[in-house]
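Knowing the structure of chain U, use the given hints to seat chain L on it.
Number of protein chains: 2
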Amino acid sequence: MKFQIDLLIERIRKTGNPTCVGLDTRVEYLPKAYLDSICPDGVDSMEKAAQAILQYNIDLLDAVADLIPSVKVQVAYYEMYGLEGMKAFYQTVKEAKARNLTVIVDVKRNDIGATAEAYSAAYLGETSLPKGAARACESDFATVNPYLGEDGIKPFLKDIASHGTGIFALVKTSNPSSGQLQDLMIGEKTVYQVVGDLVSEWGKDSIGEYGYSAVGAVVGATYPEQGTELRKRLPHTFFLVPGYGAQGAKGEDLKGCFDEKGEGAVVNASRSILCAWKKHPEMDFKQAARAEVIAMRDDIASALGKN
Amino acid sequence: MKFQIDLLIERIRKTGNPTCVGLDTRVEYLPKAYLDSICPDGVDSMEKAAQAILQYNIDLLDAVADLIPSVKVQVAYYEMYGLEGMKAFYQTVKEAKARNLTVIVDVKRNDIGATAEAYSAAYLGETSLPKGAARACESDFATVNPYLGEDGIKPFLKDIASHGTGIFALVKTSNPSSGQLQDLMIGEKTVYQVVGDLVSEWGKDSIGEYGYSAVGAVVGATYPEQGTELRKRLPHTFFLVPGYGAQGAKGEDLKGCFDEKGEGAVVNASRSILCAWKKHPEMDFKQAARAEVIAMRDDIASALGKN
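So the sequences go chain by chain: U and L. Adding 639 to a residue's 1-based position in the first sequence gives its number in the working numbering. Adding 639 to a residue's 1-based position in the second sequence gives its number in the working numbering.
Next up, chain U with everything else stripped away, as it sits in the complex (with noise of 0.2 Å):
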């Protein structure tokens, strides 16, 4: 079977751009502009905000989808628009995989094995109804979170066997306090360690086609150190890297986390891509995402020595 890693990893090359663009849009991303021309009323109710982001999501993709092999949607900044923002959730994740984008849903789903059944379901695999069986979103991977152990995460592993989708587990996660407790001492391993030792044996039947498992990890870029030392202790874990750009970490910061390749990983930037416009006055909103793009591309591949 064809899994959903190795097709990013084909797109990777293709694009020669290991990042995701993630679409964590909220209003206040929006230029104000593009905000009026869309409700010239004002923005006054979720069903407005939602239907705003939605279109800007889209105007994004068209803007910027030959350029990149993935997008990474986060969930939270759709939910807190209710039921309407789970409307523009689902849509974009429509309109991603119509341009032939891999689709990481950030929801970083976890709970007891009965109930992360029906979160793989909903992301991983399909729903059965009495009738037949339907895809609720058609995301090719989601971020799960570890802390429950193993029997809440061997549905995920079901699913991932029978459809090819997959998973990335937080191991390190980017923000300033992941230490408070990924970094304590479990005898001789911090906590993260030990969770990316679980990652890679939960990884272990789905390794695709060019060596890496379906089962892939969330390592942040703002940690360097931690990123370099992951990379030799996991050969066969994929990253997802978050915390490129509004977070801080430059191409330099993460360039550990690939192997000697240069593959291995992909980046995530959200909030300067998305406010790009904010950066580039001279240029409306796409042409500001799209030179981000560019030079965030240009910026990896420079720490990777491939330009």
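Just so you know, these hints were derived from the structure itself, not from any lab. Incorrect hints may have been included.
Identical copies carry no separate label here, and so any pair may be met within one copy or between two of them.
[What the hints assert, rightly or not] DMTMM-like, lysine to aspartate or glutamate: derived pairs with alpha carbons at most 20 Å apart: (1) K726 / E777; (2) K653 / E789; (3) K770 / D683; (4) K736 / E777; (5) K917 / D844; (6) K889 / D937; (7) K733 / E686.
For chain L alone, coordinates are given in the frame of chain U:
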């Protein structure tokens, strides 16, 4: 300010019933005759499944609302039905609120600060719009995962302070593999003790009039010794206790989660109530659910020496 945790405690006192009914409703849990009456042509779409689930929730709420202080709505079982499921989710929350029940949304959300802020707006606070603000979901409490440490929790604390809502953070979960990470030793403490102490610290500024904080903990009923130990360790932390019924725990197993007054915890049961009709074939599903709610109430009261 009145905290929702105070209101929950008052509702528990009034009903003499420290439980919540878990609305983890899947279409498979509905009696066939009931499903046929709602969807005579069969359930062949997400829309029909979600419609049947919502109606079941409403009927169940009507059957048991006078006996219980609260419900817990597990969002995974709605996400698996996609956008139609999410419609049923938001409506279920509304229906429960309309019956004066405390609503805990079991979402186990977690992310970095900026994103946790969006989740907090979604479930505990409100969403700012360019003109005005609105609530995305009418919930009183949300469950959260602590793996990212303090800055993933702070946004929730801010909304707790301004809206009086609350959270339950995962400490010791009810599933079989919860010990895989949670029971490991960090120096002299287990991971779950470290997390429990953090939760207690996070909650110290939101202790309500009955001595319990709006920042609570999830402590699984399936680990009685750990529950007893955590109760002593965290005297101001209210516990949400899953694992009763279908997961195997009984009243005796969870009495250690309560304080010496028989307070300080709310026990959830989902499948044993949703599917009570399977156990009581002589009753309709509403009577059966009511019988199970009463049996659970009495079982816990007996374990607490209250009847």
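Does the structure break any of the earlier hints, and which numbers would those be?
2 and 5
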